[in-house]
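Place chain B on chain A using the hints.
So the sequence lines, in the order shown, correspond to chains A and B. Residues 1 to 279 (the numbering used here) make up the first sequence, in order. Residues 1 to 773 (the numbering used here) make up the second sequence, in order.
Simulated from the structure, these hints should not be mistaken for laboratory data. Treat the numbers as computed from the prediction; the structure is a model and nothing was measured. Possibly wrong hints are sitting among the right ones.
Claimed, not checked - A few chain B residues facing chain A, derived, Cβ under 7 angstroms:
1. Q93
2. R96
3. E526
4. G529
5. G536
6. A578
Every residue, glycine too, gets a C-beta built ideally from N, C-alpha and C.
The chain contents come next:
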Amino acid sequence: MKAHYWIAFVLSLSLLPATAPGETQPPGPQIAGAEIMEKEQQAFYSQGKDMKAEIRMELVTADGKKRLRSLTMLRWNDPGSKDQKYFLYFREPADVRGMTFMVWKYPARESDRWIYVPAVDLVRRVAARDARSSFVGSDFTYEDISGRNLAADSHSLLREEKLGDRDCYVVESVPKEPTDYVRRLSWIDKITFLPLKEEYYDVQKELTRVFTADRIESIVAAAGGEQKSFPTVTRRTMKNLKTGHRTEVAFTAVAYNIGLQDAVFTERYLRNPPERWIK
Amino acid sequence: MLNRLVQFAIARPKTVIGAAVIITILFGSQLPKITTDTDPKHMLPITSPVRQYNDQVEREFELHPDVLALGIVNERGVVNKQTLGRIADLTSQIQRIPGVIVRDVTGFTTIDDVTVQGGELAVRPLLERVPQSEEELASLRRKLFENPAFMNRIISPDGKATAIYIPIEPTANGKEIADRIRKLLPDRSDGDRFYLAGDPVARDTFGAEMFRQMGLFSPIAGMVMAIALWFMFRSVLLIAANMAAAMISIIWSMGLLIWLGYPVHIMSSMSPVFLMAIATDTVHIFNEFFFRYREVGKKKQAVADAMAAVGTPVLYSDLTTAVGFASLAITSIIPVRIFGLAVAFGTLVILLMSFTLVPAILMLLSEKKLDKSIEVADNKAIGAGAPIAGKASFLSRLGEVCVRRGKIIAALGCVLLVISAAGIYRIRVNNNMVHWFKSNSAVRSADREMNQRLGGTSTAYLVVQSPNENAMKDPAMLREIEGLQRALEKAPLVGKTFSVVDYVKWINRVLHNDDPSFYRIPDSLEKVGQYLFLFGMSAKPSDLNNVVDYPFQKANIILQLKSWDAGAMKDVLAKTAAYLNAHPLPAGATVKPAGIAYFNLVWNQEVLWGMLSSFFAGVALVLILLFAQTRSLLWGGLSFLPLLFTIAIIYGVVGLTGKDFDMPVAVLSTLSLGMAIDFAIHFVARFRKRYGESADLQDALIWTVARPGKGIFLNAVLFALGFSVMVFADLTPYITVGVFMASIMLLSSVTSVIYLPGLIQLFRKQLLKGEKR
Numbered sequence: 001m002k003a004h005y006w007i008a009f010v011l012s013l014s015l016l017p018a019t020a021p022g023e024t025q026p027p028g029p030q031i032a033g034a035e036i037m038e039k040e041q042q043a044f045y046s047q048g049k050d051m052k053a054e055i056r057m058e059l060v061t062a063d064g065k066k067r068l069r070s071l072t073m074l075r076w077n078d079p080g081s082k083d084q085k086y087f088l089y090f091r092e093p094a095d096v097r098g099m100t101f102m103v104w105k106y107p108a109r110e111s112d113r114w115i116y117v118p119a120v121d122l123v124r125r126v127a128a129r130d131a132r133s134s135f136v137g138s139d140f141t142y143e144d145i146s147g148r149n150l151a152a153d154s155h156s157l158l159r160e161e162k163l164g165d166r167d168c169y170v171v172e173s174v175p176k177e178p179t180d181y182v183r184r185l186s187w188i189d190k191i192t193f194l195p196l197k198e199e200y201y202d203v204q205k206e207l208t209r210v211f212t213a214d215r216i217e218s219i220v221a222a223a224g225g226e227q228k229s230f231p232t233v234t235r236r237t238m239k240n241l242k243t244g245h246r247t248e249v250a251f252t253a254v255a256y257n258i259g260l261q262d263a264v265f266t267e268r269y270l271r272n273p274p275e276r277w278i279k
Numbered sequence: 001m002l003n004r005l006v007q008f009a010i011a012r013p014k015t016v017i018g019a020a021v022i023i024t025i026l027f028g029s030q031l032p033k034i035t036t037d038t039d040p041k042h043m044l045p046i047t048s049p050v051r052q053y054n055d056q057v058e059r060e061f062e063l064h065p066d067v068l069a070l071g072i073v074n075e076r077g078v079v080n081k082q083t084l085g086r087i088a089d090l091t092s093q094i095q096r097i098p099g100v101i102v103r104d105v106t107g108f109t110t111i112d113d114v115t116v117q118g119g120e121l122a123v124r125p126l127l128e129r130v131p132q133s134e135e136e137l138a139s140l141r142r143k144l145f146e147n148p149a150f151m152n153r154i155i156s157p158d159g160k161a162t163a164i165y166i167p168i169e170p171t172a173n174g175k176e177i178a179d180r181i182r183k184l185l186p187d188r189s190d191g192d193r194f195y196l197a198g199d200p201v202a203r204d205t206f207g208a209e210m211f212r213q214m215g216l217f218s219p220i221a222g223m224v225m226a227i228a229l230w231f232m233f234r235s236v237l238l239i240a241a242n243m244a245a246a247m248i249s250i251i252w253s254m255g256l257l258i259w260l261g262y263p264v265h266i267m268s269s270m271s272p273v274f275l276m277a278i279a280t281d282t283v284h285i286f287n288e289f290f291f292r293y294r295e296v297g298k299k300k301q302a303v304a305d306a307m308a309a310v311g312t313p314v315l316y317s318d319l320t321t322a323v324g325f326a327s328l329a330i331t332s333i334i335p336v337r338i339f340g341l342a343v344a345f346g347t348l349v350i351l352l353m354s355f356t357l358v359p360a361i362l363m364l365l366s367e368k369k370l371d372k373s374i375e376v377a378d379n380k381a382i383g384a385g386a387p388i389a390g391k392a393s394f395l396s397r398l399g400e401v402c403v404r405r406g407k408i409i410a411a412l413g414c415v416l417l418v419i420s421a422a423g424i425y426r427i428r429v430n431n432n433m434v435h436w437f438k439s440n441s442a443v444r445s446a447d448r449e450m451n452q453r454l455g456g457t458s459t460a461y462l463v464v465q466s467p468n469e470n471a472m473k474d475p476a477m478l479r480e481i482e483g484l485q486r487a488l489e490k491a492p493l494v495g496k497t498f499s500v501v502d503y504v505k506w507i508n509r510v511l512h513n514d515d516p517s518f519y520r521i522p523d524s525l526e527k528v529g530q531y532l533f534l535f536g537m538s539a540k541p542s543d544l545n546n547v548v549d550y551p552f553q554k555a556n557i558i559l560q561l562k563s564w565d566a567g568a569m570k571d572v573l574a575k576t577a578a579y580l581n582a583h584p585l586p587a588g589a590t591v592k593p594a595g596i597a598y599f600n601l602v603w604n605q606e607v608l609w610g611m612l613s614s615f616f617a618g619v620a621l622v623l624i625l626l627f628a629q630t631r632s633l634l635w636g637g638l639s640f641l642p643l644l645f646t647i648a649i650i651y652g653v654v655g656l657t658g659k660d661f662d663m664p665v666a667v668l669s670t671l672s673l674g675m676a677i678d679f680a681i682h683f684v685a686r687f688r689k690r691y692g693e694s695a696d697l698q699d700a701l702i703w704t705v706a707r708p709g710k711g712i713f714l715n716a717v718l719f720a721l722g723f724s725v726m727v728f729a730d731l732t733p734y735i736t737v738g739v740f741m742a743s744i745m746l747l748s749s750v751t752s753v754i755y756l757p758g759l760i761q762l763f764r765k766q767l768l769k770g771e772k773r
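Excised from the complex, chain A in its bound form (with noise of 0.2 angstroms):
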């Protein structure tokens, strides 16, 4: 719940004034499920031209052990296509400091990875296929990272509910092949289109996983020769409630439209990560 007052209170500060007046206006409930979805990725995994986070980890054990994960992200997205290029330099913990992870990744095919290993200077790609696997130890995947292609589930508009104090669209998500999970629910805020909760069910039909986000702040960074406000996920959780385990996710320094160039996404930075974005 306190999550929940505090999103709220962060986006009546910021958010309303400073987004368009159409947008406002939350579509009509003949919105379509697959609709609200697209908007739902396009707001919560490629807002902006670029971006550029600190990431901290938390994966904490059903009886409280920590293991951190901390990196630097950079995304840009293709202006021509819907691609977009992930770099990852991972920070800690200490003896994989410098460890570096590529993505291109294609909105209706396999992406292309590619992995740097410093103690033995390699760089190696790697297979795309295990999307569904679990992205470094913790309870998100990979998709869970960068986004599902969308055409990989049939979507329905269940109902329209508030939780907490935002309304939102309820979205069933049903995978056409499959895959670790047969069913998901989303929470989608009607205004931001970001999804404020989901939850997993599994083969059983039981609850697996659920995501929340636990905070939403919006960024202000400049789009078109004007100051736009970009409302962003920085705190999120994914409870594996079979085992007790969870990943709590930190966003700190977020900033987006910083520049980037596609020529940072190469095999050559793997090795030097570029220092300008990364230090």
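Just chain B now, with coordinates in the frame of chain A:
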């Protein structure tokens, strides 16, 4: 006190019977709440350090305590289209069964395989889609045999067997899940054979069987005893009253046990049979009553006289029995403790019934009917008189032999004792839960097949613990862990070892373009750390969590053992200690065992020492009671000898035949104390009374062998018949208990009747010095 009870029962029989019925209904109302518990871990209290450490290890490494294993065997090799298709289908169907832990079902389609192909690293399930071409099949075969992590776990060295490991929730019922899995198996084998094994199957199948056996054998034992009673005494009333006392004690004790919230365990499931046998003690009262009634002809007087005559022996024989069972309470093994106390309580209920309900029932009989039934009984007895008379004369001849050949009999006894001692020396203490099933049972043959082909169905953990974080990334530490694994694998019963080292070496090889010469531990902590991070970037988190803890301070070596015998784990511990002696771990790191195999070993030792101590406590208590009853050290000791002799012979036979000394056998030694001593109590008491009257030693001995001796044999036969039906059980502990109780009772009756006269004759000077003439 007892006298007053009897007086009250005689005065107000209806009140007594009514009260008994009401209390019985009260206890009986608890029976539907019955639950069973067959988890061997619950043998030790929740506070025991072994159990607590075991729970901690399972939590820390995200290990599942309950795992089923579905073995799939095909003599043409399991890597073929049909079998692989079935494995894929079965795995996904099994994952849908409620209670199965979906994420950690491990088989071809779910196990992570780290590979490099065309320079591209991949962490993927080994079998993503069923291969259609011969080429794909060959590639799968290569993957299976190249990665040592798979060998003996999900593929047998000959390629003919694989397994799906199915962890289940601790609250789920293993047998129910096993039954649902069996329903999924294809009707036509087409060369595939399926075996379902694992601790939860054994446990919960056992629990279900236990109910069946309890429901089947308790009534059968009751019927057999009733029929035997009929042939001995020819009285329906006597049988009915005996059964009433037995049923009431069973309902009270089981009701109390369930009321207090205890589940029924293998041992307590046998208490009805024990209580039924113990209830035959009431026979003495009826016998004496009929006898007295013939003499005095007045019901009330006959009841009072009979109770006065047999009251003391009944009191003492029931007390010794209760004490024998209650002494089980000092063991640390919970189910044994509960069983001992439940039967002790039941015995006291029988004792109470003997002094209340039984005289009350007798009081309700009309004297007319009584006269009639005595007439019938007398007629029948005359009709059947010839063989009984013949037996009596045989017994008196036996008595003469015993008295005359006392020395020879004593010498023979000594020889038997020496042989028994040799046998006892060879006793092997072992608890093997799988051996609780018969050799040809589904559970046991599945276990045997899986142990022959794959790594083994019994699991142990060796937890390496360092004082420092990140110690498990240190190549020096990893080399020692690897060395320990190789040393352990030399043990014939260790089928598989697995640790974080196996991942590190494999990733080293895969990163270096699958070059087999890189299948080794790298030389720096950074490399190990980055390899494991790389592995953890896409592998199932549990892959890594099963073998290292979060701060990399502890590593878990997972062992698969091919036997549930405690000896297999003992060997592992010895080899571990020897290795660590020669190769101390960096920074003083230690190794601590856990897992079900280690648990069985600890429990095994508890069984031996726990039973030994409760045996000696039982001996002491029974001796004290004997001294109290005979009011003499010598006579008390003498009364004890036949029992000691019986136990020595029985355990001598156990040692000589090589039967495992397991929990049921161990428990029997203690509880047989209180039951088998009854015969000697009767013999000595009757002899001393007779000797006091006649003062002719030989005559008194022969009379005792012939008259009370007959009663003793009848009693023993009744006991033995009741227990012998358990021989037909499907579960070996029941068979063991049946055979042992029957032979202990028969043997102790024989030793009482044969050895006591000989011993009394031999030591007459010392024994008879204080006897009044």
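Each hint, compared with the structure:
no. : hint : in the structure
1   : Q93  : 10 angstroms, violated
2   : R96  : 5 angstroms, holds
3   : E526 : 4 angstroms, holds
4   : G529 : 3 angstroms, holds
5   : G536 : 4 angstroms, holds
6   : A578 : 33 angstroms, violated
Hint compliance for this structure: hints 1 and 6 are broken, all remaining hints hold.
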